[in-house]
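Trainee: Here is how the chains run, residue by residue.
Protein chains: 2
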Amino acid sequence: MNKIYVVGIGPGEYEQMTIRAEKVLRDCDVIVGYTVYADLLREHFPEKEFLTTPMRQEEKRCRLAFEQAAAGRTVAMVCSGDAGVYGMSGLMLEIGTEYPQTEVEMVPGVTAAVAGAALLGAPLGHDFAVISLSNLLTPWETIEHRIVAAAKADFVICFYNPSSKKRKDFLKKACELMLQHKPETTICGIAARIAREGERTEICTLQELRERQTDMFTTVFVGNSETRAANGRILTPRGYAVDTDQRGVIV
Amino acid sequence: MNKIYVVGIGPGEYEQMTIRAEKVLRDCDVIVGYTVYADLLREHFPEKEFLTTPMRQEEKRCRLAFEQAAAGRTVAMVCSGDAGVYGMSGLMLEIGTEYPQTEVEMVPGVTAAVAGAALLGAPLGHDFAVISLSNLLTPWETIEHRIVAAAKADFVICFYNPSSKKRKDFLKKACELMLQHKPETTICGIAARIAREGERTEICTLQELRERQTDMFTTVFVGNSETRAANGRILTPRGYAVDTDQRGVIV
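Line by line, the protein sequences are chains A and B. Reminder that position 46 of the first sequence reads as 154 in our numbering, one-by-one numbering, no gaps. Reminder that position 23 of the second sequence reads as 131 in our numbering, one-by-one numbering, no gaps.
A few of these clues could be false.
Which copy is meant is left open, because identical chains are indistinguishable; a pair holds if it fits in one copy or across any two.
[Claimed, not checked] Here are the computed lysine-lysine pairs in the BS3-like style, where the Cα-Cα straight-line distance is at most 25 Å:
| # | residue 1 | residue 2 |
| --- | --- | --- |
| 1 | K280 | K290 |
| 2 | K156 | K281 |
| 3 | K111 | K156 |
| 4 | K260 | K281 |
| 5 | K111 | K131 |
| 6 | K276 | K290 |
| 7 | K260 | K290 |
| 8 | K280 | K111 |
| 9 | K168 | K111 |
| 10 | K156 | K168 |
These are computed hints drawn from the structure, not numbers from a lab. The structure presented is a predicted model; accordingly, all values stated were derived computationally and were not measured.
Could you put the whole structure together from the sequences, leaning on the hints where they help?
Mentor: Rendered as structure tokens:
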């Protein structure tokens, strides 16, 4: 049977890929991906054939993968982070219904929420919501509704795609919504260019976050009511009942 | 400076660890962890010293790590999945304030939400909420509030710790709450013993999920209004505006 692996390569740095992902890339016949991510891999697989399409040509990229598989080649379709979180997995399964002779297997990776959280400390230590601020394919009203729901229910919130050239003020609008339901002093974190050149983190309050400029290569964390700063990191305790005398109950 | 790495080893299978995690484990002086996870690693590092504590001795385990570091040894504290998602990272940072001479670095891993989603297809293709159904350290009222908020805002929902011996009916209670706000036909997925012996997945409706028995080694996914089944997998499309004639707009 023809085979395509949809591979999450992690946040950027080669070593943050799983051992399994590396094996799949080493053993496949051709690697298909977005131009930028393919370039991250090329130096590690100099002998390998790469086929790329630029941004906004996701469907073409998927069909390219299925056509290669139909020609009997084992294909690795690569995505940054994990392919299942705002990635290509869904579209691959959707288009895959037209290619029943091709098996599609997902190889999970470290998504930006998890990688960014690790840089900042432990902001995702308790229940959290992941929201993309891109309104390219989702109405802004739906996004607003989710932001308010997550804020009111005291989820930690992790934002993907917090802003772009066309949506400069989206993070600001999101902060203004959250400020109606959360204190100004809520601890937040910014992780930019995770595991890439220029990696940067910042810890700030929700009030301060409102004034920050971010881009598509940034992941933003907004704490819950228990999130706090400690030694230059942020952490969200797992339990509410922290008893500092009898610590056995903390986790 | 003394150094502790807090390492997410992924869902279970050795190869789902990142290359970086493997390097840290190979280079460290001692591996500290929960007995069960240490046993998963021992065969791969037969020469390495392991120090373990059983469940519910999380604080003791953290202090063991800091004491080893204080003795000048490089320590790897291991957690399954990612250490930042309901894991040990937060407690390590908390206790770490008492050991300012020790640097704590997080090494992210593939968490169960991402690994389970990959097995089921692409349920996390759009905004999602992660909720633990364990009320060991969180009041059940808070958990209920979050379930209802996530259901009403049409998040995909991923449940960790869906039930245990003492909480047999928690998933059922969660389903009954969601059924007040979501259709009975909502597509759900169950991923049990991810990347371990006995791995199993099931796709069912929310009505059917209500009757399922699960355990602590299971991750449960409840779709949003767009989640659907395709070829024995489930997928949540990234965009709302799927135009099957002009596919360029799907992702």
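Trainee: Next step is simple, just say for each hint if it's right about the structure.
Mentor: Right, here's what the structure says about each hint:
1. For the identical chains of this complex, K280 and K290 are intra-copy neighbours only, at 15 Å inside a copy versus 31 Å across copies, given an alpha-carbon limit of 25 Å.
2. For the identical chains of this complex, K156 and K281 are neighbours neither inside a copy (44 Å) nor across copies (51 Å), given an alpha-carbon limit of 25 Å.
3. For the identical chains of this complex, K111 and K156 are intra-copy neighbours only, at 17 Å inside a copy versus 38 Å across copies, given an alpha-carbon limit of 25 Å.
4. Taking the shortest Cα distances, K260 and K281 sit within 25 Å of each other both inside one copy (16 Å) and across copies (21 Å).
5. For the homomeric pair K111 and K131, the shortest alpha-carbon distance inside one copy (15 Å) is at most 25 Å, but the shortest distance between copies (30 Å) is not.
6. For the homomeric pair K276 and K290, the shortest alpha-carbon distance inside one copy (23 Å) is at most 25 Å, but the shortest distance between copies (34 Å) is not.
7. For the homomeric pair K260 and K290, the shortest alpha-carbon distances inside one copy (8 Å) and between copies (20 Å) are both at most 25 Å.
8. When the C-alpha separation of K280 and K111 is checked against a cutoff of 25 Å, the pair qualifies neither within a copy, at 44 Å, nor between copies, at 38 Å.
9. Taking CA atoms no more than 25 Å apart as the test, K168 paired with K111 passes inside one copy only; the shortest distance there is 18 Å, against 47 Å between copies.
10. Within a single copy, K156 and K168 get their C-alpha atoms as close as 21 Å, which meets the 25 Å cut-off; across copies the closest is 48 Å, which misses it.
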